[in-house]
Amino acid sequence: MIVTLDYALPESLRQLQREAVEFAESWADHATVTEDSWLIGYDREFARELGRRGWLGMTWPARVGGHERTPLERFVVYEALISHGAPIAAAWFADRQIGPTLLEYGSPEQQARWLPEMAAGESAWCIGISEPDAGSDVGSLRTRAVRNGDDWVVSGQKIWTSGALHADWCYLVARTAPNAPKHEGLSELVVDMRSPGIEVRKILDMTGNAHFCEVHFDKVSVPGANLVGREGGSFRQVMRQLEHERGGIDRLVSNYRLYRDVLASGHVDRDDRVVRQELAAIESSYRIGRHLVLRGVLEQAPPGFSAVTKAFCTEHEQRVADFSARALGAHAMLWGPGLGGRAARGVCYAPAYTVMGGTSTILRNVIAERILRLPRVN
Amino acid sequence: VTGMKFAFSDEQEELRRTVRGLLADKSPESEVRRVMTTVEGYDPKLWRQMGEQLGLQGLAIPEEYGGEGFTFLELGVVLEEMGRALLCAPYFSSAVLAAYTLLLSGDEDAKHEYLPALASGDSIGTVALSEEDGRWDASGVRLAALRDGEVWTLSGTKSFVLDGHTADVILVAGRTSASSGTDGISIFAVTDGAAGLTRTPLATLDQTRKQARLTFDATPARLIGTEGAGWAVLSQVLDLAAVALAAEQVGGAARVLEMSVDYAKIRVQFGRPIGSFQAIKHKCADMLVAVESAKSAAYYGLWAGSELNDELPTAASLAKAYCSDAYVHCAAENIQIHGGVGFTWELPAHLYFKRAKSSQLCFGDPIYHRDQLAQRIGV
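Which chain is which? The protein sequence lines are C and Z, in order.
Take 410 as the starting number for the first sequence in our numbering and just add one per residue.
Take -2 as the starting number for the second sequence in our numbering and just add one per residue.
Isolated chain C, as found in the complex (with noise of 0.2 Å):
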């Protein structure tokens, strides 16, 4: 066992890197999407594909469909996979996020009903948190559950809710106690998308794609074995969900492919000292982000801390988005397929890197609260 400071990726581990490159390259010429894959690259077919390669539920039990792999292995794809594009959009959900949740809070008889269509990649995930008037405010919801016999009937709103229009389930965070301290009548059901009394309506967001939806709830029926960890206790357990939502890879690749075409695109003036500079500086952003990520993902750093990791890698994919359009200069004011337009869409695309999943603001919150334990006065 290593007890000391190593920052080498064991050599165990570079096959199944160069693996995961040659897959997502082998897609890349009917991937409609090349950066941001991960929340837009919606691609049912691959997600079936993970699922035959064993790389969805990689760390999972074997005995709800997982491969019980290392965190380690995971990352390795993943930062492969995204890095270059693969549209990984229709299982990323589930594999982030409510496949890992499902398993800490999850019962048993949960567990066996959804994890393995997850790791199969059969079934498509959405999550509902945000709502109009709760967004970093999450203690605020509204969106109610009451209970009708066995079951609950949950009538309200959420909003941006990625990928809603063509998920099989919504993960969804709604006030089952009405009269209880805001933070503790909130739980969490699990809601068939096809049931009725579920509208889903898209969003058009300023890159003018639509992957995230407003999707209303009219006295929605929902089996009352789909409530999931404590009733009440949804607010630590979201909490718990945003630690894997906000300090992985994803936070800090979703426009590396952008950037590495932009730098052998031969726009790029080394020479230039400005430019030298520049790039020196995403070059350190980028590998500082990827060993706080790798801390995360080895549990070698304290709790709380995906607040930090993805509060410093959003910060440098917008630089890599400022950078890519001005190394590009004239070419990024026109809105083409080519690099050009990659960058003018990646440029738009940027703002949202520092708002979705927590904007930078809140997350800062999160730590002078959380880690620096400063006084919260409300």
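The set of hints was computed from the structure by calculation and includes no laboratory data.
None of the values given here were measured: they were computed from a predicted structure.
Partial selection, computed: residues in chain C whose CB lies under 7 Å from chain Z:
#: 1; residue: Ala720
#: 2; residue: Arg773
#: 3; residue: Ile776
#: 4; residue: Leu783
The beta-carbon is built from N, C-alpha and C at its ideal position, and this holds for glycine as well.
Fit chain Z to the given chain C structure using the hints.
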């Protein structure tokens, strides 16, 4: 699958606790303030204790040369603690610059002659590289070395020499032929009292780290290693020095973050602790992000340095550029969070700010190192 570790071992953390305890006891702020006003800039009694009780000066020197035989990683832990405590001592000069120059020189005679005394702390060493123009690269080395039979003499001036006025052994970079750039540079040892050596202590921005100007007038010197092959050694020493300073910077940055957070919890304005205001929280949060990312960069450098592997040149410039800026940022924010009292002589915030600024500029500033990094990565 084993591999990848981003934290120190239990033994290394134990070393950290020991050093932190020693410095809290023997080099509290009051001692730092006392020692920094002396010309020597260190406390000989504490220096002896560090050597006798803990073997700190020889920590990374192999046992065959009288050291403890640990690695650059353990040295990094110690440097981080010294940076945190603003210890006034020629440790960086002696245990990093001089010791590694000798270790990497390939000169067995010189290693056996000088390293045991450096390891015990009986002797202090330093490296004299930069000259009046303040460059840290090979082109800044102009001091002339002349050979007459078996005798070498040095003539010229070195400046910004850390602890140059107190060192017993000065390892000097000189030119042994009418060359430029990295060719024709050799390393020489000059000892205390050598003929023609004049040492002038310099007033420094950072009073906790002393510097001197050294003039050599046909000063007899001993060639270390191979004539003309000095730069290969020195460039690796410079990489290790960059990482070592980065480790100190991490310690200092973490300390000023603690000062800020502690103060923000007790200072009350508008009827509430200022740490409850989001403006202050976010400053502190940004400092924490800077500290954690700087740790990642510095430890990356320590790992590469401990293995002297191919990644060292990259990791060294990355660490020095990043940690320098992170420390300056944190030290400056610490003053802002403290308000008026932050600007006073009484509060130690200025001592950290001055160390941060000075070490940012020492051995190449961030712009220099980012340029090096771009070149070394070859993007």
